[in-house]
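*Asks:* Turn these sequences into a full structure, and let the hints steer you where they fit.
Here is how the chains run, residue by residue.
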Amino acid sequence: MTSPASSSEVKYLIESSEGNTFDVSGAALRQSNTFNAMFLNIGADGPIPFTDYNEATLKKVFEYCEHSVNEENYSGPKHQDDLSKWDLNFFNEMDQKMFIDVINASNFLDIERLTSYCCERIARMLRGKNTQEMIKVITLPTAEELEAKQKVEEKKAAAAKKVAEKAAETAEKTETLEELPVQQLVQTTRNKLTRKYLSFSNE
Amino acid sequence: MLLKLPYIPQSKILQQLQLHEQFFVGLCSKRARNLIKYFSRFKYDSSVIHVPSFCLQLQTTGDQGKHVAMWASCYYRPENERFYKANNNNWNRTMRFWYKEKKIKCKLSFDPEIGIPIFWCKDQYKSILPMALHSAICDVFSISPIIQVLLNLPKLSEMPYTKEVDNLILGGGITDIDVYESLMQMFTIKNCAYISPDTNYLSVNSKTLSVNHLYCSYTRWFTGEHLINFQGRTAVFRRVPSKISSEDLINFLFDWQQGTNKKLEAIIISLNKDNRMKFSRTEVFEKLNAKSWNQERRAGRFKYPDATYKTTFPSDILDCSQEMDIERKSDGLLATVVVHETLFCFFVWHNRFPDTSTHQPITRCNPYTRTEEFAVGNVHF
Chain S
2 MTSPASSSEV KYLIESSEGN TFDVSGAALR QSNTFNAMFL NIGADGPIPF
52 TDYNEATLKK VFEYCEHSVN EENYSGPKHQ DDLSKWDLNF FNEMDQKMFI
102 DVINASNFLD IERLTSYCCE RIARMLRGKN TQEMIKVITL PTAEELEAKQ
152 KVEEKKAAAA KKVAEKAAET AEKTETLEEL PVQQLVQTTR NKLTRKYLSF
202 SNE
Chain R
23 MLLKLPYIPQ SKILQQLQLH EQFFVGLCSK RARNLIKYFS RFKYDSSVIH
73 VPSFCLQLQT TGDQGKHVAM WASCYYRPEN ERFYKANNNN WNRTMRFWYK
123 EKKIKCKLSF DPEIGIPIFW CKDQYKSILP MALHSAICDV FSISPIIQVL
173 LNLPKLSEMP YTKEVDNLIL GGGITDIDVY ESLMQMFTIK NCAYISPDTN
223 YLSVNSKTLS VNHLYCSYTR WFTGEHLINF QGRTAVFRRV PSKISSEDLI
273 NFLFDWQQGT NKKLEAIIIS LNKDNRMKFS RTEVFEKLNA KSWNQERRAG
323 RFKYPDATYK TTFPSDILDC SQEMDIERKS DGLLATVVVH ETLFCFFVWH
373 NRFPDTSTHQ PITRCNPYTR TEEFAVGNVH F
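If you read the protein sequences in the order shown, they are chains S and R. Residue numbering for the first sequence follows the working numbering, beginning at 2 and increasing consecutively. Residue numbering for the second sequence follows the working numbering, beginning at 23 and increasing consecutively.
Mixed in with the good hints there might be a few duds.
Stated by the list, open to error - In silico DSBU-like links for lysine-lysine, alpha-carbon gap of 35 Å or less:
1) R:Lys285 to R:Lys300
2) R:Lys265 to S:Lys152
3) R:Lys52 to S:Lys162
4) R:Lys127 to R:Lys185
5) R:Lys52 to S:Lys163
6) S:Lys150 to R:Lys127
7) R:Lys65 to S:Lys137
8) S:Lys130 to R:Lys125
9) R:Lys129 to R:Lys88
10) R:Lys300 to R:Lys59
11) R:Lys59 to S:Lys130
12) R:Lys124 to S:Lys156
13) S:Lys152 to R:Lys185
14) R:Lys26 to S:Lys12
15) S:Lys156 to R:Lys26
Stated by the list, open to error - Distance ranges between label pairs, derived from CB positions:
16) S:Trp87 to R:Thr380: 55 to 61 Å
17) S:Asn21 to R:Phe64: 43 to 49 Å
18) S:Thr171 to R:Pro28: 23 to 29 Å
19) R:Tyr60 to S:Asp53: 51 to 57 Å
20) R:Lys127 to S:Lys157: 31 to 37 Å
21) R:Tyr60 to S:Lys157: 18 to 24 Å
22) R:Ser204 to S:Gln151: 45 to 51 Å
23) R:Asp161 to S:Lys163: 38 to 44 Å
Simulated from the structure, these hints should not be mistaken for lab results. All C-beta atoms in this analysis are idealised placements derived from N, C-alpha and C, irrespective of residue type, glycine included.
*Replies:* What follows is the structure in structure tokens.
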């Protein structure tokens, strides 16, 4: 597959959670401290499994790494205004779920530059806002929403409890019928019939 | 989004936020508050209500506080003119705070100079809003809820509504003794106070003399009677003009020896250097049955209480290894008496052999004289 002393042109195979594999250059991978610590010095025999993350997320992360291969060494987070057009497009293309996945993957792979840019972006989203606006940014439910959610959950729990109680009652009845031995049932029916016959003959 | 991230990215995000932004995040939910508590642990340990600047601060004990938020009344008042003119046009956002089950709805704007939020409330809430903010800040940052207030003369009317203040700094030189005494009746000072009423007279029954840890500067009112009537644990009287003599010191020492005061721990009096009258060591010790230091009877260094107003002296006044002791016969309590021309120290050894590892001399460089000074106490804001 690849040799540990490979140059930047050497490609590594990365395996995602779906089991798909794709190529990433050694230079891009070297931006990941996790990769450096785990594979760079000992080499990887076969695809490198990053199976906690899906293909789209990993591709996005390594897209950033490939792009920033030729940039100068990382020296702390940049001001948003200093980000290039490519960087801005890169961030703007992502929806919130993808953004969180990228931060998680970047944090696991220990790609400092990408993690810091993402964090700086979130920090900027929070700046100059009051708590209500912050709640929207960090997508926390508001107090009203929480209350409504709690009510719905309480209703659901009450309904589930009722259903469970009914089911338990039915099961109990069935159980009592099932538990009666067949002979006893026959005897009971016979007694009833005898009583009916006797009353009839008396008349 | 923030709460779904691992701790390292969370921490990187919070590092980039200002204190007030962290405060706002902490107000969003219980989980967010726990995150802020965890992130800011060990960074701050108390909050200060800085009345002259209408500002709530976070501080590490002994250090200068950092601004978090400001408060102001929505109605124009001369005191809030600076905010009012610059900020009253951007009130489209609101926030709510609670104090003792009272809901205070505030309008929110940001100070154009320092960028921190200003909470505008109805005039009737202006004295409880700082308390509500203080309570919220203590809750979010998980710090001790002690109440520390810095107040000065022009802003006396802006004093937050509270019946108790832990630490108070009252600056501004109050010249009207009635104003001063009525202010002191408004609340109880639980721990320490730096107060310097700039008057010629102070009643010996004043509440001032009951403060646990008292620090007074330029005390023209201070006499031997005040010294004897002090009811607290420690007192520092600095830059004292010439109303107190060696005779007063002797009277105080006799009074202590014959009395039953078990609360007093330390008294420090430093005279104005320009004073004509100086203390006479010979005169004081002539009349006392004082004994020189015996290392079997007490340690060499006095342990000054921590929660006292921070001040510095040119020498290590707590080193009592060369000083004289007196003993109270009734209970065997030992006290060290230090008398120099412009300095009198009285240290009572409630614990004769305190833990030496926790009270080594703390020095700092005086930026004006560029000399090393010895610090006493740690409350400062």
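*Asks:* Could you run down the list of hints and mark each one as holding or not?
*Replies:* Now the hints, each set against the structure:
no. : hint                             : verdict
1   : R:Lys285 to R:Lys300             : holds (28 Å)
2   : R:Lys265 to S:Lys152             : violated (73 Å)
3   : R:Lys52 to S:Lys162              : holds (29 Å)
4   : R:Lys127 to R:Lys185             : holds (23 Å)
5   : R:Lys52 to S:Lys163              : holds (32 Å)
6   : S:Lys150 to R:Lys127             : holds (25 Å)
7   : R:Lys65 to S:Lys137              : holds (28 Å)
8   : S:Lys130 to R:Lys125             : holds (21 Å)
9   : R:Lys129 to R:Lys88              : holds (22 Å)
10  : R:Lys300 to R:Lys59              : violated (53 Å)
11  : R:Lys59 to S:Lys130              : holds (20 Å)
12  : R:Lys124 to S:Lys156             : holds (31 Å)
13  : S:Lys152 to R:Lys185             : violated (40 Å)
14  : R:Lys26 to S:Lys12               : holds (33 Å)
15  : S:Lys156 to R:Lys26              : holds (28 Å)
16  : S:Trp87 to R:Thr380: 55 to 61 Å  : holds (57 Å)
17  : S:Asn21 to R:Phe64: 43 to 49 Å   : holds (45 Å)
18  : S:Thr171 to R:Pro28: 23 to 29 Å  : violated (48 Å)
19  : R:Tyr60 to S:Asp53: 51 to 57 Å   : violated (24 Å)
20  : R:Lys127 to S:Lys157: 31 to 37 Å : holds (34 Å)
21  : R:Tyr60 to S:Lys157: 18 to 24 Å  : violated (33 Å)
22  : R:Ser204 to S:Gln151: 45 to 51 Å : holds (50 Å)
23  : R:Asp161 to S:Lys163: 38 to 44 Å : holds (40 Å)
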